[in-house]
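Visitor: Single-letter residue listing:
2 protein chains.
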Amino acid sequence: VDHFGFDINKTFKQRYLIADKYWKKDGGSILFYTGNEGDIIWFCNNTGFMWDVAEELKAMLVFAEHRYYGESLPFGANSFKDSRHLNFLTSEQALADFAKLIKHLKQTIPGAENQPVIAVGGSYGGMLAAWFRMKYPHLVVGALAASAPIWQFEDLVPCGIFMEIVTRDFKKSGPNCSESIRRSWNVINRLATTSSGLQWLSEALHLCSPLTDFQDFRMLKDWISETWVNLAMVDYPYECNFLQPLPAWPIKVVCQYFKDPKVSDQLLVQNLFQALNVYYNYSGQVKCLNISETATSSLGSLGWSYQACTEIIMPFCTNGVDDMFEPRSWDLEELSDDCFKEWGVRPRPFWITTLYGGKNISSHRNIIFSNGELDPWSGGGVTKNITDTLVAINIPDGAHHLDLRASNALDPKTVLLARSLEVRYMKQWISDFYTRQG
Amino acid sequence: VDHFGFDINKTFKQRYLIADKYWKKDGGSILFYTGNEGDIIWFCNNTGFMWDVAEELKAMLVFAEHRYYGESLPFGANSFKDSRHLNFLTSEQALADFAKLIKHLKQTIPGAENQPVIAVGGSYGGMLAAWFRMKYPHLVVGALAASAPIWQFEDLVPCGIFMEIVTRDFKKSGPNCSESIRRSWNVINRLATTSSGLQWLSEALHLCSPLTDFQDFRMLKDWISETWVNLAMVDYPYECNFLQPLPAWPIKVVCQYFKDPKVSDQLLVQNLFQALNVYYNYSGQVKCLNISETATSSLGSLGWSYQACTEIIMPFCTNGVDDMFEPRSWDLEELSDDCFKEWGVRPRPFWITTLYGGKNISSHRNIIFSNGELDPWSGGGVTKNITDTLVAINIPDGAHHLDLRASNALDPKTVLLARSLEVRYMKQWISDFYTRQG
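Going down the list, the sequences are from chains A and B. Using the UniProt record's numbering, the first residue of the first sequence is number 1, and each one after it goes up by one. Using the UniProt record's numbering, the first residue of the second sequence is number 1, and each one after it goes up by one.
Treat the hints with caution; some may be incorrect.
Because identical chains cannot be distinguished in the list, a pair is counted as satisfied if it fits within a single copy or across any two copies.
[Unchecked claim] Once the Cα atoms are required to be at most 30 Å apart in a straight line, the calculated DSS-like pairs of lysine-lysine come out as:
| hint | residue 1 | residue 2 |
| --- | --- | --- |
| 1 | Lys25 | Lys172 |
| 2 | Lys103 | Lys384 |
| 3 | Lys24 | Lys427 |
| 4 | Lys106 | Lys221 |
| 5 | Lys103 | Lys24 |
| 6 | Lys81 | Lys252 |
It should be emphasised that the hints constitute simulated quantities derived from the structure, not laboratory data.
The task is simple: from the sequences and hints, build the whole structure.
Guide: Okay, structure coming up:
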């Protein structure tokens, strides 16, 4: 449970998945998925890329679950009980878990010992893959860090960039789309001034629980914002189910309801409902919208909320001009107080860059940073080559780690290109490893 | 206090020393001593090399004290109270302290921000310097790791090598020297079989407290062994006071008492006393020998005993053939039980190599590993170049990090050469840094 202290000598069961169908003991490799904030089976099922390249790389696939997510709970049902039980939920502990797991696999699987391991991850898992290569270069020959916003910390990138990219996605997915959304906030605000307005809003949006007070109203707006953010993340070129079941290019579908800039307030809200319905009810089975949920329950929202209160402090802001949201500045103090109330801990916003180097990472080698240009997380990502071996691969038509998804007939050419480049680098790392071994 | 967990938000005062006499804001550098297991003032006073090169490198000197040593006690007088208070004494926490201190200095000392930092350390501090460069390459451009036995773990080197080197030092410092010492153990053992023998032994060795039982007797032998080890470490070419005040080439002085292979048992013990007296009473002021002390009290023996029970698990063994000691195998279980009794913790002997890479460190850059060939710790050190930028400097006539000591008229040529090479590498790192800055 605690790699970095000796007082607690407790252990826990970490879940991992292995596939060795295409693995070759002779000249093979190991692709190691550095699990992120959720159930590892779900990530495994959404990382088809690893399955698609397994044969070519003669690779064993390993998917390691991140502690405090899925079934890898250090204290079982008590894991989220209080700050004492949560104390071992950090990226450093997770990386140390991965290190020990790799050593364990190499010691116990005959033929694995002298094979190169490549870390693969997306999003927070992509950050972990990159950080793992930085901190444990003796265990992995390289890392594919897909959609990893390793620079979304401190002031390494402007805090507004994330929402600007979300806005850009809506802007280009339909005429008047981002403008209509920008306008919607004022409409909602006006309706919320009266209780009859709130009631009408609740009904027009088919909410499961009617809005009753100011706090509900704040929550509604956050929920709507997060919906647009999530849509930007999963604006994939084909029908699929990642955060939610969705049509191909879902933002285009959403934007069909935001074409007319001159509709009445009420019609705008009714259109807003239709738009939200694309995200929350593509199946047509949903009876009402629940503003306390925005994505799949395979993501561990409790654990992530704690991590976002401790290490993973990412400044976000909006100004309503360069983006389609209500202006909101980054308020560390407010976050800190909220975190203390919720978890009894306070953020350490400068720690991640102290530990992992911030922008000063050029002494490392063999990391691919891939980013989809539709993905708001690309704003905090590495989108330019740093050195010959710390390379950026940008995917103009890609959303959040599209490259890690299984190959699809509707994939844009740019992601095919990205994947083939990624494979080329990985093969290079593998052959360099075997050359060094002699 | 805890860089790796958020439940405890306590801080502590870390002591550090700064000298900026030769520091230049224009084109200068920062030499950062990664403090080891003792009082930082003592290390500062025994690291004349940094003072000697400060002007040439336009360097600010910083000496950072290691947590749990000197005055840098996280819980004041309670720091060593129990395993709960000791839980934050690890190399990882110490490196994180150094990282935060460097960031603090760069933020608060005008002119320091855009200067290259070089980590310098000896012995355990040398391991820390090397590990710091490995784990925080964004904070230091390189490291001088003097007499750093980073491979004295697991089975990376033979467990007997350390005592073999000690023995070699004695063997070549006088005829019959190591043979006499090898013989001495049996003589002592024979005497210890009777209580009158024990009493005679206590008197002949001028012990402050007479030996009364088997445990005392074990302690006596460990104390004598450790004395020979310490002498091998500080077999310097000139009179000085590091672990104890000593003459030049102290082993030669000691070996004058072990010339005759055929003396009686009693004379051998009397000679043994004279030899021990060289180490413990060079000043001539000491009235009796205390077998519970072997070195300066500036070293923090409590803290080190804990570290040697947790992370710093170095296998040692002797066979009495290749070395001059009684045969003793490496017994991890015994150590583990002793550690649990003393500190309530158990060793994790595989952790250091998992964390820092063991022999597989070739992906790192800009570390100098210097070793004196007289130094028993060189057995676990890096004594061959690993790559162009991970280089070994061997000093045939050097004992434990002689190169870090102040220049002395009696220095052998080999250490002068080593120091000039070290300066050349450091200058290269500094100029590379400024070249990259453009």
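Visitor: Reference check for the pair Lys103 and Lys24, CA-CA at most 30 Å: within, between, both, or neither?
Guide: So Lys103 and Lys24 pass the 30 Å test inside one copy only (19 Å; across, 46 Å).
Visitor: One pair to classify: Lys24 and Lys427, alpha carbons no more than 30 Å apart. Within, between, both, or neither?
Guide: within (14 Å within a copy, 47 Å between copies)
Visitor: Checking Lys25 and Lys172: alpha-carbon separation at most 30 Å within a copy, between copies, both or neither?
Guide: neither (49 Å within a copy, 50 Å between copies)
Visitor: Quick one: Lys106 to Lys221, C-alpha cut-off 30 Å, is that within a copy, between copies, both, or neither?
Guide: Intra 49 Å, inter 42 Å, cutoff 30 Å: neither.
Visitor: Can you give me the call for Lys81 and Lys252, within, between, both or neither, at a CA distance of at most 30 Å?
Guide: neither (42 Å within a copy, 64 Å between copies)
Visitor: Using 30 Å as the alpha carbon limit, work out where Lys103 and Lys384 are close: within a copy, between copies, both or neither.
Guide: between (33 Å within a copy, 26 Å between copies)
Going down the numbered hints, you'll see the structure goes against 1, 4 and 6, while the others check out.
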